[in-house]
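J.: As a plain string of letters, each chain reads:
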Amino acid sequence: MSEDVREVDQDRPSAPAEQASAWISKAAVLFRCRIPIDAILLGVLAMVAAAALAMGYNATAEDIAKRKAEDLMASLVQVIPSSVHDNELLADRRHVVDRVVYRAKAGPIVTAAAYEVTVNGYAGPIRILMGVTAKGEILGVRVLSHSETPGLGDKIEVAKNDWVRSFERLSLVNTSTEQWAVKKDGGRFDQFSGATITPRAVVKAVKAGLDFFDTYRFAIVRDGGEVKE
Amino acid sequence: MRDGSYKTIIRDGLWDNNVILGQMLALCPLMAVTGTATNGLGMGLASTSVLVVSGMAVSLIRKAVPQEVRIPAFVLIIAAIVTLLDLAMNAWLHELHKVLGLFIPLIVTNCAILGRAEAFASRNRVGDAMLDGLMMGLGFTIALMVLGAVREIIGSGTLFSGASLLLGEPFLFLETTVIPDYRGFLLFILPPGGFIAMAFVLAAKRIIDKRLAGDADADVLPGRIQPVDEGA
Numbered sequence: 001m002s003e004d005v006r007e008v009d010q011d012r013p014s015a016p017a018e019q020a021s022a023w024i025s026k027a028a029v030l031f032r033c034r035i036p037i038d039a040i041l042l043g044v045l046a047m048v049a050a051a052a053l054a055m056g057y058n059a060t061a062e063d064i065a066k067r068k069a070e071d072l073m074a075s076l077v078q079v080i081p082s083s084v085h086d087n088e089l090l091a092d093r094r095h096v097v098d099r100v101v102y103r104a105k106a107g108p109i110v111t112a113a114a115y116e117v118t119v120n121g122y123a124g125p126i127r128i129l130m131g132v133t134a135k136g137e138i139l140g141v142r143v144l145s146h147s148e149t150p151g152l153g154d155k156i157e158v159a160k161n162d163w164v165r166s167f168e169r170l171s172l173v174n175t176s177t178e179q180w181a182v183k184k185d186g187g188r189f190d191q192f193s194g195a196t197i198t199p200r201a202v203v204k205a206v207k208a209g210l211d212f213f214d215t216y217r218f219a220i221v222r223d224g225g226e227v228k229e
Numbered sequence: 001m002r003d004g005s006y007k008t009i010i011r012d013g014l015w016d017n018n019v020i021l022g023q024m025l026a027l028c029p030l031m032a033v034t035g036t037a038t039n040g041l042g043m044g045l046a047s048t049s050v051l052v053v054s055g056m057a058v059s060l061i062r063k064a065v066p067q068e069v070r071i072p073a074f075v076l077i078i079a080a081i082v083t084l085l086d087l088a089m090n091a092w093l094h095e096l097h098k099v100l101g102l103f104i105p106l107i108v109t110n111c112a113i114l115g116r117a118e119a120f121a122s123r124n125r126v127g128d129a130m131l132d133g134l135m136m137g138l139g140f141t142i143a144l145m146v147l148g149a150v151r152e153i154i155g156s157g158t159l160f161s162g163a164s165l166l167l168g169e170p171f172l173f174l175e176t177t178v179i180p181d182y183r184g185f186l187l188f189i190l191p192p193g194g195f196i197a198m199a200f201v202l203a204a205k206r207i208i209d210k211r212l213a214g215d216a217d218a219d220v221l222p223g224r225i226q227p228v229d230e231g232a
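Residue numbers (the numbering used here), protein chains in the order written: chain A, 1 to 229; chain B, 1 to 232.
Certain hints may be false.
[To be verified] Keeping only pairs whose Cα atoms sit at most 25 Å apart, straight-line, the calculated BS3-like set for lysine-lysine is:
1. K160(A) with K63(B)
2. K98(B) with K66(A)
3. K98(B) with K26(A)
4. K184(A) with K160(A)
5. K68(A) with K63(B)
[Unchecked claim] Listed next, with one range per pair, are the computed distances between beta-carbon atoms:
6. P72(B) with S193(A): 42 to 52 Å
7. P81(A) with E95(B): 20 to 30 Å
8. L102(B) with N58(A): 42 to 52 Å
I should point out that these hints are in silico values taken from the structure, not numbers from a laboratory.
C-beta atoms are modelled at their ideal positions from N, C-alpha and C, and glycine is treated no differently.
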């Protein structure tokens, strides 16, 4: 035991706490054993903690939701340029199969859509947000979260490297299936020195995202008018 | 109160019984966050606030909680405080939360906090317990920052990168490039580099302690580390 543990403080007994411990010893005699007392005490403490957590949650829930929406908006703006739409991106969302699609409209016409794709990278899931025009051409790709190796795989972040911009303006039409791969695998995308798995995963995810758009294009752009040509 | 006990608390927290350098606790978050000095600083400050508040809470209930159930009670208190801190930071310090978000739940598993609750806060008055929490926390912060700085300079050639993200624009001046056009030394960014850097920092502390103690103690045996507090 290190020296910072001093004798139990002699001075100034705190009254309520003293009372509580006296009450506890009395109750212990009554029950002839301490176990129920201890259990009740722990239960009370757990209730107090639960109440504090509930209050904390209520006090922060609104702000946290706001921050989340701001974060999402900040990413959406990066994959859908404001020039292609005049609507509120967060307001126009719809569920297509298993994901949420945010739709950009110019007037009544759907001009672009943004949605998330997820893929397993080198060290865990990589969440990617991509924006695609109504014709199926990529407007922008951004990595929302990942746990790739710092200094190697994290070049997929736009803050660290321009690599993700190499997807812009590509589509299933102007890029053949074989080209949707890193150069090492005979495709058109650069890999990073020391990290091939990460870019390979991202390329695969973006391709899957385009396939998703191709398959559900009608469901995504429907009811907002016809596809803008 | 014993004379100079505040001084003892301060000295213990910052140097003699420093969480990292003296007690060798909390090595798990240490390795995870000290890739940069800024992350170390942020994690240190978050842990410090938990240490102060949990020290206060534990000290307040120390007489009402029987010996037999004190550990679960302390764990409960610490977990609740960390969760509240996580929520509060997410709501009001969102940028900082984005940087540290992953590590905040890790504070619960920081054995140093339970260690202080058990070894100090549960036996001392509220004011002392809070001061101890603050000093232990600051000592922890300094150790994290030093280690982060060493790893950052060797690993990526910068110092305090991202500090303005953590502390706000006025702290942009902290961000420096120590070695221009550095190609990086990945090992030091990864956990193994953390262990290596940690060994050197510990050795440095040992040398300083030895110098301070004078030549009388020159033949200090290796392993003369302060005994780890029980229950930690």
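J.: Check the structure against each numbered hint from earlier and tell me which ones fail, lowest number first.
T.: 1, 3, 5, 8
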